[in-house]
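Undergrad: Given only the sequences and the hints, what does the whole structure look like? Please build it.
As they're listed, the protein sequences go chains E and V. Per the numbering used here: the first sequence = residues 1 to 548. Per the numbering used here: the second sequence = residues 549 to 1099.
You can take every hint at face value.
Taking CB as the label site, the calculated pair distances span: (1) V:Glu676 - E:Ala43: 42 to 52 Å; (2) E:Gln37 - V:Asn1055: 19 to 29 Å; (3) V:Gly1084 - E:Ile459: 51 to 61 Å.
To be clear, the hints were calculated from the coordinates, so they are not data collected in a lab. Backbone N, C-alpha and C fix where the C-beta goes; we use that ideal spot for every residue, glycine too.
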Amino acid sequence: MHICINLGGGRLITEDPLTFITLSPIVVGLTLLILPQIVPDSASDYIKKISRPLSMGLAIAILGITTMLFLGQIGSIDWLNIGQGSYVFQSEPVSVLEPIGVRWVVGVDALSFPMVWLTALLIPISMLVEWDAKKGHLFFPLILIMEGALLGVFIVLDLFVFYVFWELTLIPMFFLILVWGGDDRRYASMKFFIYTFTASVLMLIGILVMYFNTGDASLGGSLTGHHFDLVAMTSQAAGDGLIASEGLRHFVWILLLIGFATKMPSVPVHTWLPDAHVQAPTAGSMLLAGVMLKMGAYGFIRIAVTIFPESTVVFTPLLIILGMASLVYGAVVCMGQTNLKRMVAYSSVSHMGLIFLGIATMQPLGIAGALFMMFAHGIISPLLFAVAGAFKHHYHTLEIGSMRGIAHHSPWLAGHMMLGWMASLGLPLLAGFVAEVAVLIAFWMTFGWLVIFPALTLIITAVYYLNSMQKTIFEGGDPHVGVLPGSLHGEEPRDITWHENTGMFILAAMTVLFGIMPFIFWDMMSDWSTEFMLETLIDAMNAKGVEP
Amino acid sequence: MQLLLPEMVLVTGIILSILVPNLGDAKFRIPLTRTRLPLLIGGARFKATSDPRVPAWISMFALTIALVYSYLEIGSTSGEVGGVIEITSFSRMMSLVFYASLLLTAVATTYRMPSRPSTRVPTEKDSEKITTVLISRLMDNRRQVDFHILLMMVGLGMSLMAMANNLFFMFVAIELASLAAYVLVAFHKEEATGGEAGAKYFIVGSVASATGIYGMSLVYLWAGNLDFDTLAVAWSSMDGLDPFAVVGVGLMLVAFGFKVSAAPFHLAAPDAYAGASSPVAGMLATASKAMGFVAIFRVLIGVAMPSEGEAIWFCLLAIIAVITMTWGNLAALTSENPKRMLAYSSVAHAGYMLAAIAAIGSGLGDENTTKLVLIAIVFHLTILVLFKLGAFLVLSLLETEGRSHRLEDLHGMARRDPLVAGSMFIFMLSLAGVPPLSGFLSKLLMINGIVNISAGSGSESVTAILPWVESVDIVFWLALAIVLNSAISIFYYLRLCLVMFFEEPENAKPLRKAVHLRNSILVLALLTVLFGFGSGAEYLLDLVDTAVSSL
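TA: Listed below in C-alpha cells is the structure:
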C-alpha cells in the first residue's frame, strides 16, 4: 500500500528511488504484454506500436536516475563512506508476507551499486543493439521485466524477496532464448532453466536453515517468529553467530555455494552457459553475460562470505580449486572453439574463475579486484557478444574458420571486435586490465609462486583471442577481398547498422573510460573491501588460525 | 441445525434435482366429483421445469450457497450435532475447499457435457450420422440430473467427513463421497476408457476401503469405542504398543493412502484420471485428495501421535512419501498424455504433503512447528484448487472440442487463445513451485516446516560437514528430497508449456467460446498469482491459521 501511495504522489523517485527503478519496469513490462490481449484490436495495435519507444524511454529514465544517484544529485551520498553493513537509500520496510516475516527492504552499498548502474546501462544498450528485433512488442517488454528482476536481485535486503527476484530473472530469459534464439533453442532454454532452477532450490534450503535460526522477534513473522532480513542476519552473524553448529554452518555454506557457483558459472556446473549463449539472441547474451552471471558472484559475496566468513576461510582451498579450474579449463577449451559465441562464453567461465580467486586471496586488494572484475567483465563481455551477434546478423554464421579478412567489408565491426578482444585479454588502459592486475597481485601476496598458474592462463587467453582475431579480421590473400563465409551465398556483406554501432560504441567508450579512470568505481570498491576485511574476515581468519 | 446449513442446502438440492425435472400436469380426480386436483408428479412434463439445464442450475446454486456460507462461517462457527458431528473452523475450511472444487467441476461440466434444450428426437428421414449425434445429445440431456445429484452427494459426503468426530461416521461419510465419485469417474460409459477407468477405480477403491474398515474394526476391538477423543486418550495411555491398535491404524492408512494416491496405492489413479472427464479428474485431484488428507490428519496426528517422541508410523510414512514423490515425478516425465501427466504430478504433490506429515511424526518439533507444518499442508490443499483444478479446467476446455489426451492437443494454444495459454503457463509454474506464485509459497512453507523441525537436530559441537551430516535427523533429508523432486518436475511442466507456445496448432481456429469456463480459468490464474505474495497470501494464511488452530 505504502508503495502505491508513493507512486501516486510521484515522490517515489526522490524518496525511494530504488523501489521505483525495480518495480516500474516490471509493472510497465507486464502491462505492455497483457494489455494488447484484452483490449479491442485498434487499441491493441496502438499499444504494440508504442511498446518499443516506451520501453526504451523507461530504460533510459532508469539509467538517468541511477546516474543521478551516483553523482549525488538525488540524495547526495558520499559513496566512499558507506560503512560495512550499512546501506544507502534504505526504504521504509513494508511488510509483504507478515505471517512468515517477509518485508520489502531495499538499499545499496558499494558492493551492489556498481552492479545496479551496470544493469541500468546495459538494458538500454541491449535494446538498442536489437532495435530491429522481430516481434518487438513482446521483445522489449520482456527486457524491461528482466531489468526489474535483475535490479531487484541487487537491491533487496530481504532474502525471501531476493530469492523471488533471483528466480524471476529466469522467466524472461527463458522466453528470450526460446522465442528469439537459434536453431537449437529448445534444448538450450530447457537446460538453462533446469540447471539454474535446481541449483537455486538447493540454495533455498540454505536460506531456510538460516531463516529459522534468526533471533530478533521484533522483525519476525507472526506465524513463525523468524525473519528474512539480511541486515539483521548479518549483524546477528557478526555478534553471537547465526547458526550454533559449525558443521551446519559449513553445510549451509556449501548449499549456497552450489546455488551461486552454478549461476556464475564455475566448473564443473558451467555446462549450461555455452549452450544458452550460443542459442540466445544478442540482447539475451549481453544481459546473461553482463549481469546474470554477476548475480552469482554478488550473492556469494553478499550472503555466503558475509554471513559465514569462517566457513569461507575454511573452504578457501575449495574456492581456489574451483577458481583455478574455471580459469584454466575455460581458457583451454576456448582455444579449441570454432564458434565465436561459444568461445566468448567459455572466456566468461574463465574470467569468472578470477572472481573466486580474488575472494580466496583474503586481501582487500584481491576482493576489490574481484568486485572490479564483476563490473569490468560486465561491460566487456556484452561488447563481445554484441560483436558476435552482429556477425550472426550480417554474415549468418559464427564459424571463425569460415571467414577471412573481413576488416575491409565491415570496418566498424572489425574495430569494435578488436577493442573488445583487447579489453578482454587484459590490455593496459582498458577496464579488464585493472581487475586482472589487482587480483594477480593479491594472489601473489597471499600464495606466492602459485600465481604463475593464473598468470600463464592470461597468456592462453591472449593466444586464443589474437588467433581468432587475426584470422577473421586480417588474414587472407588480398586485404581488399578476404574470404567471405559460404552462408552469405556470394552476397556482399553490409557493415553493422547504426543502432548496433551506437550500442557497441557506448560499450567501447565505457571500456576505455573505466580503463583510464578506474577510480570512478574502484575507490568505493576498495574502501568497501578494506572495511569488509577489517570488520568481518580478519576475525574469522584469527578464529581459524590463518595468518591474515 | 443452522450449523449444518450448507449440508442442508445440498440435501435440498438433491431432492429438488429429483423432483423438479419430473414435475408434470397429472391431475387427480376426486372420486364422484368433477374436481381435478393437480398432482404435479407424472403426466406431461412442464416445459420450463423439464429443461435439461435445470439440474445444473440447481447444483451450482446449492454449491454456491454452501460455499459462501462455509466461507462466512470459518471464523465463527463451532458446535456439535448429534454427538458425531463437530463443526469447527477446520471443517468449514475444508468444506470451503470441497465446495469450491465441486462448484468449478459443475461449471466445467456444463460445457464438457452440455445440455441442449433444443434437441429433437431423430426421425426416420435423418441420416445415420445425424441420428447418432441427436441420440448422444438426448443422452447428455437425460444424464444431467444423474451427474449433478452425484456431484452434490460427493460434496455432502466430503463435508460431513470433515466434521466427523467419530471414526465410524467418518468412514461412512467417506464411502458416501467415494461411491458417488466412482460413478462420476465412469460417467462416460459409452467411451471405452470411461468404463475401464471406472471399473479399475472402483475395484481398487473398494479393496482399499475394505482394508480400512477391517483396520477400523481392529481399532474398535482394542479401544471399545470409535470417538476420536477417546481413541486419542487410549493411544497416549497405551502401555507399550498394542498390536490391534498398530495394525488397525496401519490398515486404515491403506485406505487413506488410496484416497491421496500415495505409492504404492496410486496405481489406479492415472487410469482413473485419464478415463474420467477432465472436470471430474480435477475434482479427484483436489477435493478427493483433500478428503484423504483430512482423514490422515484425524487418524495419524489426532489419534496415533504420542505426546512426545517419535510416532510409530514416522519411518513408514517418510519412506512412502519419498517413494511417492519420486515415482510420481519420474512417471510424469515419461507420460505423453497431459491428463496422465497431471495425475502423476498429483501423486508427486501427495508425496510432498506426506513428507511434511512425516516430519510432524518425527516428534522433534514443538507445538509451534507442528502447527506451521499443518498450516503449510492445509494451505497447499486449498490453493491446489486454484492451479491443479485450473489446469484440468483448461483441459476441459480442450475436451469440449473433442479430446485432450495427447500432448498434440495442446499444440499452439498460445495462438488460439493467448490468455488461456498464459493461465496454463501460470498453473504449470505454480505446480512446479516457481516464485512468486502461490505454489511456491506453499512448498516453501512445507520445506520450511521440515527444515525448522529437523535442522536443529544435528549436533552443535561438530565443526565439519560430514559428522554433522551423520548427526542430523533423517527428517532433514525429506526437505532435500522435496527440493530435488521439484527440480525434476520442472522439466515436464515446462515441456507442456513449450508445446503451447512453440508448436503449430493442428487446428488453428480459436478455442470454443465457453464464457463461464474461460472466465473461471482466468480468475483461477489471477488468484494463483494473488495468493502468492502480499496481502492476498497474508489473508489466506490467516484464514488457514484460524482453521488449523481449531484442529
